[in-house]
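Asks: Each chain, written out:
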Amino acid sequence: MMTQSPTTDQATEGALALQLLPDPEPPLAQGLCPPTVAGKLDVLLLAIEALDFTGAELMLLVVKELALLGVIPNRVTLWQLRAANPWRRAYNRRLLTLNQARALVLVLVYLAKRLTILIRQLLLAAEQLQQHGVDLSHHPRLDDYCQRFRTHFRKRMNLRRERLQIYRDDDRLNLLAMDLLHQLLFCTGTCGAQRLWASLFCGDVL
Amino acid sequence: MTLVREYRLPHCTLILEGFATQAGGALAVLIQVECYLPGLEQPMRGGSALLEGLSSTVSEYVQTFLSYREPRPVHPAGPVALEPVAPHHHRLRVHPELLQDGREPVQLDLTTIQLFDLLEACDQGMSDPQTLPNWQLHLVPHIPRTVKLSQQALPAGVGLATLSAAAVALALIPAPKIEPPRELRETRTTPSATASPTATPTPSPTPAASPLSTTDINRLLIRLHEAIDTAWKEPISQDMSFRVQVNAQGQVVNFIPLHSPTGEEQRLPLEQLRQPGQPVADFLVVFRRSGALEVGPY
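Protein chains in written order, with the working numbering: chain S, 5 to 210; chain E, 1467 to 1764.
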């Protein structure tokens, strides 16, 4: 019994964190999120992976840390949730439940907060480069981020889809990478999780 | 006792001054707000209206950015307005009525990081239970109606219009006259009626829903064949066929001609063979001009 109690506490902690994110209005049909929700979350997670080499592995650790194992029990589930992004090559046509989407939001925000300093540095550098009219590729760290994002994106997304054709162009994909970096900045804030959660149900993935 | 709350971020500092209603309590009554932003010579000073306007406008603006990747203008005519001027540059305008010493509106351009710092300062204040307990963030995801009512009405309207046009077009086409097959007509042909004035009116040829077995029907068929064959002597010049109803003894109860009238019906023995009774089975009887007689199930 003594060994059981910490895990139960953790599980309730995770459940409490999930409850902080309110249900959308009007209620969703069958409590399933539209595919754009999975898409937005997956693309933001892709940006985190491009920022941090260890991002993909860290996600699993963070799931444990946040006591979300009840929602995302293992690596396979995490992969399945990410493959619910309709633009993926391996799109599995699943719809996320509200709690699965909430768990991904919490993981994403946790990872983004870890990277706050890096994100701010990169954005400041980008602003300065932009002011002087210099291309982003002149900043090694920014260039590295953009390059890795492009690689990840092209490897996993289905570029044959008409909507994604424009991302065969490097510049368009760099713009997307920078937009996602700005969005990640807002995820690092005090109310980042609530803000991201409330934004998921409007607008398109890309 | 005056309380001061300070939210300091790299590009924005928000200072709230006020007092608590009870000792040791939260900052409940706001006296003054000061907001320092880069590009401002003097901080923006104002009351709770300024704080409210700033925090709600910035919050809404950021939500549109997170949702649509591109921010959209928020409250362009309101006391606190925010609109995008260039990618990742945002113009903040504050009406002088919200400012303590302001005679001219404040207008300044913020980068996204500066905007984030302003938002973060407000968010920290809202999440702080010791500062203005009523000043809180209420963000509920709203699912937009993907299609407007007018857009929904369009397909339905087109459908109705097409339906009515089709109805009008189809109404112009004359309705075809329905002619029941000759075999199903119940009327007796006139020649046989005149030839046998004693004939009783034809009972309606209700199909004999016979509960008879196959052997019974075969037996009746043989009897009918024998009866007609022995009675039929006179030759005919054309084939004639009849639907013949028989009773349980195989005697003819009723018959209906299936051929066009030939005027030779009186040469056939059916009228002589007719007996009153309840029909139990239907047979097809064909008189061939060669003299052959065919009897089969109807």
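Hints listed in this document are in silico derivations from the structure and should not be mistaken for laboratory results.
Be careful, since some hints might not be right.
[To be verified] Simulated pairs of lysine to aspartate or glutamate, DMTMM-like, Cα-Cα distance not exceeding 25 angstroms: (1) S/K159 / S/D173; (2) S/K117 / S/E61; (3) S/K68 / S/E29; (4) E/K1699 / E/D1748; (5) S/K68 / S/E53; (6) S/K117 / S/E166; (7) S/K117 / E/E1472; (8) S/K117 / E/E1536; (9) S/K117 / E/D1594; (10) S/K117 / E/D1748; (11) S/K68 / S/D148; (12) E/K1699 / E/E1645.
Source: prediction; values computed, not measured.
Asks: The structure should be examined with respect to each hint, and the outcome stated for every one.
Replies: Verification of the hints:
1. S/K159 / S/D173: Between S/K159 and S/D173 the Cα gap is close to 14 angstroms, so the pair holds against 25 angstroms.
2. S/K117 / S/E61: Given pair S/K117, S/E61 holds - Cα atoms ~16 angstroms apart, limit 25 angstroms.
3. S/K68 / S/E29: Roughly 30 angstroms separates the two Cα atoms, so the pair is violated.
4. E/K1699 / E/D1748: Within the cut-off at roughly 23 angstroms; holds.
5. S/K68 / S/E53: This hinted pair holds, its Cα atoms lying about 18 angstroms apart.
6. S/K117 / S/E166: Cα-Cα ~34 angstroms, so violated.
7. S/K117 / E/E1472: holds, 22 angstroms
8. S/K117 / E/E1536: With Cα atoms ~22 angstroms apart, S/K117 and E/E1536 stay inside 25 angstroms; holds.
9. S/K117 / E/D1594: holds, 19 angstroms
10. S/K117 / E/D1748: Not satisfied, since the Cα-Cα distance of roughly 93 angstroms exceeds 25 angstroms.
11. S/K68 / S/D148: At roughly 29 angstroms apart (the allowed maximum being 25 angstroms), S/D148 and S/K68 break the hint.
12. E/K1699 / E/E1645: violated, 37 angstroms
When the structure is compared with the earlier hints, violations turn up for hints 3, 6, 10, 11 and 12 and for no others.
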